[in-house]
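2 protein chains.
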Amino acid sequence: MESTDPVDMDEIPATPPDLIIEGGVALTMAQDPGLIEHARIFISGGQITDIQSAQTPSPLSNPETEVIDARDSIILPGLINCHTHTAMTLFRGLADDLPLKTWLFERIFPAEREFLDPETVYYGALLGCMEMIASGTTCFADGYFFQDETVRAAHETGLRGLIAQGVIDLPAPGVPDPAENLSRGREFIERWLHFSPRIRPGLFCHSPITCSEETLIRSMEISQGHHLPLQIHLSETAEEIQAILNKSGMRPAQYLDQLGLLNPGLIAAHALHLDEKEMDLIRERGVNLVHVPESNMKLASGTGPVSRMLRRGVNIGLGTDGACSNNDLDLFCEMDTAAKLAKAVEHDPTSLSAGEALHMATVGGASALGLQDYIGTLERGKRADIITVDLTQPHLCPLHNPVSTLVYAANGGDVKDVIVDGIVLMKNRKFTMLDPDPVMAKMREMAKRIAP
Amino acid sequence: MESTDPVDMDEIPATPPDLIIEGGVALTMAQDPGLIEHARIFISGGQITDIQSAQTPSPLSNPETEVIDARDSIILPGLINCHTHTAMTLFRGLADDLPLKTWLFERIFPAEREFLDPETVYYGALLGCMEMIASGTTCFADGYFFQDETVRAAHETGLRGLIAQGVIDLPAPGVPDPAENLSRGREFIERWLHFSPRIRPGLFCHSPITCSEETLIRSMEISQGHHLPLQIHLSETAEEIQAILNKSGMRPAQYLDQLGLLNPGLIAAHALHLDEKEMDLIRERGVNLVHVPESNMKLASGTGPVSRMLRRGVNIGLGTDGACSNNDLDLFCEMDTAAKLAKAVEHDPTSLSAGEALHMATVGGASALGLQDYIGTLERGKRADIITVDLTQPHLCPLHNPVSTLVYAANGGDVKDVIVDGIVLMKNRKFTMLDPDPVMAKMREMAKRIAP
Numbered sequence: 378m379e380s381t382d383p384v385d386m387d388e389i390p391a392t393p394p395d396l397i398i399e400g401g402v403a404l405t406m407a408q409d410p411g412l413i414e415h416a417r418i419f420i421s422g423g424q425i426t427d428i429q430s431a432q433t434p435s436p437l438s439n440p441e442t443e444v445i446d447a448r449d450s451i452i453l454p455g456l457i458n459c460h461t462h463t464a465m466t467l468f469r470g471l472a473d474d475l476p477l478k479t480w481l482f483e484r485i486f487p488a489e490r491e492f493l494d495p496e497t498v499y500y501g502a503l504l505g506c507m508e509m510i511a512s513g514t515t516c517f518a519d520g521y522f523f524q525d526e527t528v529r530a531a532h533e534t535g536l537r538g539l540i541a542q543g544v545i546d547l548p549a550p551g552v553p554d555p556a557e558n559l560s561r562g563r564e565f566i567e568r569w570l571h572f573s574p575r576i577r578p579g580l581f582c583h584s585p586i587t588c589s590e591e592t593l594i595r596s597m598e599i600s601q602g603h604h605l606p607l608q609i610h611l612s613e614t615a616e617e618i619q620a621i622l623n624k625s626g627m628r629p630a631q632y633l634d635q636l637g638l639l640n641p642g643l644i645a646a647h648a649l650h651l652d653e654k655e656m657d658l659i660r661e662r663g664v665n666l667v668h669v670p671e672s673n674m675k676l677a678s679g680t681g682p683v684s685r686m687l688r689r690g691v692n693i694g695l696g697t698d699g700a701c702s703n704n705d706l707d708l709f710c711e712m713d714t715a716a717k718l719a720k721a722v723e724h725d726p727t728s729l730s731a732g733e734a735l736h737m738a739t740v741g742g743a744s745a746l747g748l749q750d751y752i753g754t755l756e757r758g759k760r761a762d763i764i765t766v767d768l769t770q771p772h773l774c775p776l777h778n779p780v781s782t783l784v785y786a787a788n789g790g791d792v793k794d795v796i797v798d799g800i801v802l803m804k805n806r807k808f809t810m811l812d813p814d815p816v817m818a819k820m821r822e823m824a825k826r827i828a829p
Numbered sequence: 378m379e380s381t382d383p384v385d386m387d388e389i390p391a392t393p394p395d396l397i398i399e400g401g402v403a404l405t406m407a408q409d410p411g412l413i414e415h416a417r418i419f420i421s422g423g424q425i426t427d428i429q430s431a432q433t434p435s436p437l438s439n440p441e442t443e444v445i446d447a448r449d450s451i452i453l454p455g456l457i458n459c460h461t462h463t464a465m466t467l468f469r470g471l472a473d474d475l476p477l478k479t480w481l482f483e484r485i486f487p488a489e490r491e492f493l494d495p496e497t498v499y500y501g502a503l504l505g506c507m508e509m510i511a512s513g514t515t516c517f518a519d520g521y522f523f524q525d526e527t528v529r530a531a532h533e534t535g536l537r538g539l540i541a542q543g544v545i546d547l548p549a550p551g552v553p554d555p556a557e558n559l560s561r562g563r564e565f566i567e568r569w570l571h572f573s574p575r576i577r578p579g580l581f582c583h584s585p586i587t588c589s590e591e592t593l594i595r596s597m598e599i600s601q602g603h604h605l606p607l608q609i610h611l612s613e614t615a616e617e618i619q620a621i622l623n624k625s626g627m628r629p630a631q632y633l634d635q636l637g638l639l640n641p642g643l644i645a646a647h648a649l650h651l652d653e654k655e656m657d658l659i660r661e662r663g664v665n666l667v668h669v670p671e672s673n674m675k676l677a678s679g680t681g682p683v684s685r686m687l688r689r690g691v692n693i694g695l696g697t698d699g700a701c702s703n704n705d706l707d708l709f710c711e712m713d714t715a716a717k718l719a720k721a722v723e724h725d726p727t728s729l730s731a732g733e734a735l736h737m738a739t740v741g742g743a744s745a746l747g748l749q750d751y752i753g754t755l756e757r758g759k760r761a762d763i764i765t766v767d768l769t770q771p772h773l774c775p776l777h778n779p780v781s782t783l784v785y786a787a788n789g790g791d792v793k794d795v796i797v798d799g800i801v802l803m804k805n806r807k808f809t810m811l812d813p814d815p816v817m818a819k820m821r822e823m824a825k826r827i828a829p
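Protein chains in written order, with the working numbering: chain A, 378 to 829; chain B, 378 to 829.
Looking at chain A on its own, in the form it has when it is part of the complex (with noise of 0.2 Å):
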């Protein structure tokens, strides 16, 4: 991301779009929801250079301008899955409704050990990567092994991704040997920094239980050395919380800050058991959490307190977790259902609003990735990362509240274009990149494999 770095308004170069959506009613993010009719939409060289609002057709400066047709739709900035494990759609399905320890233990442990190497983790975050963009997103957060193949997988599909090299203490896929998980973690990010604006690698601490005290502070350290975010689970389970107790005499939350972990650079996903204290600390360290309710309820590991931390001013982004354990990458119905579970814990129908779920899911999701300057908002001088989603099905209308509609009654397959960096990498549903054909036929050929 460093060669596109937050760009002063005045100097956005007066050049003609090499792009222009327009049409639709936008909801810029830029305020709550920043509601424009009509909109038109300019963008040159990967980057929103005007955003106005006109009843009649626009006047091409450009022959070659590429017109995206919004009318009858939504444009809104690109979705930003916050945390997930993409190639993990290769086990799609596998194992479900099972007891989190056999699930875990028995059926997905073993699977990544026997199945996970390059060719299949490619593939895998591949197949995940055309699953996100045909649902919307145009950002995600990822941890996992073998990670240059989702490097090289978000790169082919022009996904723009924060993608981290899993860091556990325990023999993983590629890194058998536990003592060379830091040492492959930073090969990894100096493999990668400067590879692409639209990459970003870093590192992936599994957990509080899993990490030992010097791999979390070493983790931190060379994520904060090359100025990264480190991602981490925590407080996903109540075992964690009685393991670090044990451990510590310290619930996970406070662990965590004693080794100097807690600060804007952590990107924490579920942080379901959070006492009064812990959701304190997270508040005053800036802690971002990462809020994956459909993952949590199909797993009962608990249902967070979402709506308490959104209240105490905690950045939260909203993310799907892996495809194992939802089981998709589709951060539409990951809106709805966080909307939906926060009213039915807490027992009222005002809690965690359609528009605090859209909120997560783009300005909330960029802040926690710390890529605010960047994404989440349509405004001038942030990169041109959209979406459309396609008004004319009748599940879809009448259009009395935008924002309610694109909550509670739109998915992933409504949306219509996807442009990630100015690049159209959707358009009415077809990917302009690559054949999704061949990707699925190849997955279906490792299926076999994985469950005869």
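No lab work stands behind these hints, which were simulated from the structure alone. Treat the hints with caution; some may be incorrect.
As the list makes no split between identical chains, a pair holds if one copy fits it or if it spans any two.
Here are the simulated EDC-like cross-link-like pairs (lysine to aspartate or glutamate), alpha carbons at most 16 Å apart as the crow flies [unchecked claim]: (1) Lys-819 x Asp-449; (2) Lys-804 x Asp-446; (3) Lys-478 x Asp-725; (4) Lys-825 x Glu-567; (5) Lys-654 x Glu-822; (6) Lys-624 x Glu-590; (7) Lys-624 x Glu-591; (8) Lys-807 x Glu-414; (9) Lys-624 x Glu-443; (10) Lys-825 x Asp-409; (11) Lys-654 x Glu-533; (12) Lys-478 x Glu-653; (13) Lys-807 x Glu-616; (14) Lys-804 x Glu-496; (15) Lys-819 x Asp-494; (16) Lys-807 x Asp-546; (17) Lys-654 x Asp-634; (18) Lys-819 x Glu-723; (19) Lys-624 x Glu-567; (20) Lys-804 x Glu-399.
Put chain B on the given structure of chain A with help from the hints.
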């Protein structure tokens, strides 16, 4: 339905099929899930005449036979929406994230009073029927007002429906004088009883608190007199329990039992706040319940003892409720939410499996509506209510487990073909009976009046 009695299997005519669906993985749901690879389903006169497993293309016995290509698809029974108010698509997104009383008394009821008339209900129901077809629902149970129009919409779109006239002891849309509610209901039934084998009329008592004892008893008598089920909202809010306790000293299920309403002809939606005695009573009396998880969550009404009722052997169907409290009519999303919500609230990832969710949306729904001899499974002799789900999409790949894929990864937009009573209503995602565009145009025009 009286013209299509369940057929003696030996009497199925050996006529050439007028429709063949072939090539995909079929989940017949005759067993759970009753998987048939390379299925070929023969349909004649609206009835399933044979189901085979065959890898070679079938030699057509009749050049006029229509063939649905279901390679790369899952073939399954059409889903059954056991509780909705279809015409409420009119108010989709009009009011969300509000306290229940504000939502109902200040927004929805006034909107209904002001805007419901035969024309708005017709277009609202037409749009809702199209939405249900487009998301794989082939049969729905509806309770509302101006129901002649919902019958008209179901008939024109080709859906199967149990369509009930609302009965409430308050002035209601189209029935300003509550003294006429039962006579109007009876007339409605008589008007439509012999109209079409796909339409079954009925009554829908609004709730135990908005209907008097006399109204409840008479509604059941009228329904039983025509061998029709009676629909009701039961135990949706804590306030309802208290009101019935105050009035009768009993909880709602006991109260209804004392009035003679608890029997296999009762379809009770929501059923959230049941104590052990009520659950036993519901099982003993053979009452059918409808689980409506997304609406219950969005309105923070409660979560309901669904798994416990299933374990007791109570039959449960699945419903979406109206588009005001969901805000879509997509049963695929509802299955996903039902399975995940049960796990979350019971802290048990084995609660309500994908298979149980799919069973509720098919077999359970058919039994709830008293249509188990006609629909709910793919079996020789049943009516041909069948859908296909297109697997050639990244989020439905790979296919380790078809049931898991349908429940946890698919949504309504993935439905490719929809057949009701042997008639193809949607083919390759195109409606065959009606053009949705003028319906949506009309709805958008009416929406401007509703929320200027």
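Okay, the hints, checked on the actual structure:
1. Taking identical chains as interchangeable, the C-alpha atoms of Lys-819 and Asp-449 lie at most 16 Å apart only when they sit on different chains, with a minimum of 15 Å there against 36 Å within one chain.
2. Proximity of Lys-804 to Asp-446 under the C-alpha cut-off of 16 Å is restricted to the intra-copy arrangement: shortest distance 10 Å within a copy versus 26 Å between copies.
3. When the C-alpha separation of Lys-478 and Asp-725 is checked against a cutoff of 16 Å, the pair qualifies only between copies, where the shortest distance is 12 Å, while the shortest distance within a copy is 33 Å.
4. For the identical chains of this complex, Lys-825 and Glu-567 are neighbours neither inside a copy (36 Å) nor across copies (57 Å), given an alpha-carbon limit of 16 Å.
5. Proximity of Lys-654 and Glu-822 under a CA criterion of 16 Å is satisfied in neither setting, with 50 Å inside one chain copy and 53 Å between copies.
6. Taking the shortest alpha-carbon separations for Lys-624 and Glu-590, only the intra-copy value of 11 Å comes in at or below 16 Å, while the best inter-copy value is 62 Å.
7. In this homomeric assembly, Lys-624 and Glu-591 come within 16 Å of each other (Cα to Cα) only inside a single copy, at 14 Å, whereas the closest approach across copies is 66 Å.
8. Neither within a single protomer nor between protomers do Lys-807 and Glu-414 lie at most 16 Å apart by alpha-carbon distance, with minima of 26 Å and 30 Å respectively.
9. Taking the shortest alpha-carbon separations for Lys-624 and Glu-443, neither the intra-copy value of 59 Å nor the inter-copy value of 68 Å comes in at or below 16 Å.
10. When the C-alpha separation of Lys-825 and Asp-409 is checked against a cutoff of 16 Å, the pair qualifies neither within a copy, at 47 Å, nor between copies, at 23 Å.
11. Taking the shortest Cα distances, Lys-654 and Glu-533 never come within 16 Å of each other, neither inside one copy (44 Å) nor across copies (60 Å).
12. Proximity of Lys-478 and Glu-653 under a CA criterion of 16 Å is satisfied in neither setting, with 28 Å inside one chain copy and 31 Å between copies.
13. In this assembly of identical chains, Lys-807 and Glu-616 lie within 16 Å of each other by CA distance neither inside one copy nor across copies; the values are 45 Å within and 50 Å between.
14. Taking the closest pair of Cα atoms, Lys-804 and Glu-496 never come within 16 Å of each other, the shortest separation being 28 Å inside a single copy and 37 Å across copies.
15. For a Cα distance limit of 16 Å, the shortest separation of Lys-819 from Asp-494 inside one copy, 15 Å, qualifies, whereas the shortest one across copies, 55 Å, does not.
16. In this assembly of identical chains, the alpha carbons of Lys-807 and Asp-546 never lie at most 16 Å apart, being 42 Å within a copy and 53 Å across copies at closest.
17. Within a single copy, Lys-654 and Asp-634 get their C-alpha atoms as close as 12 Å, which meets the 16 Å cut-off; across copies the closest is 50 Å, which misses it.
18. For a Cα distance limit of 16 Å, the shortest separation of Lys-819 from Glu-723 qualifies neither inside one copy, at 44 Å, nor across copies, at 39 Å.
19. In this assembly of identical chains, the alpha carbons of Lys-624 and Glu-567 never lie at most 16 Å apart, being 34 Å within a copy and 73 Å across copies at closest.
20. In this assembly of identical chains, Lys-804 and Glu-399 lie within 16 Å of each other by CA distance solely inside one copy; the values are 14 Å within and 31 Å between copies.
Checked against the numbered hints listed earlier, the structure breaks hints 4, 5, 8, 9, 10, 11, 12, 13, 14, 16, 18, 19; every other hint is satisfied.
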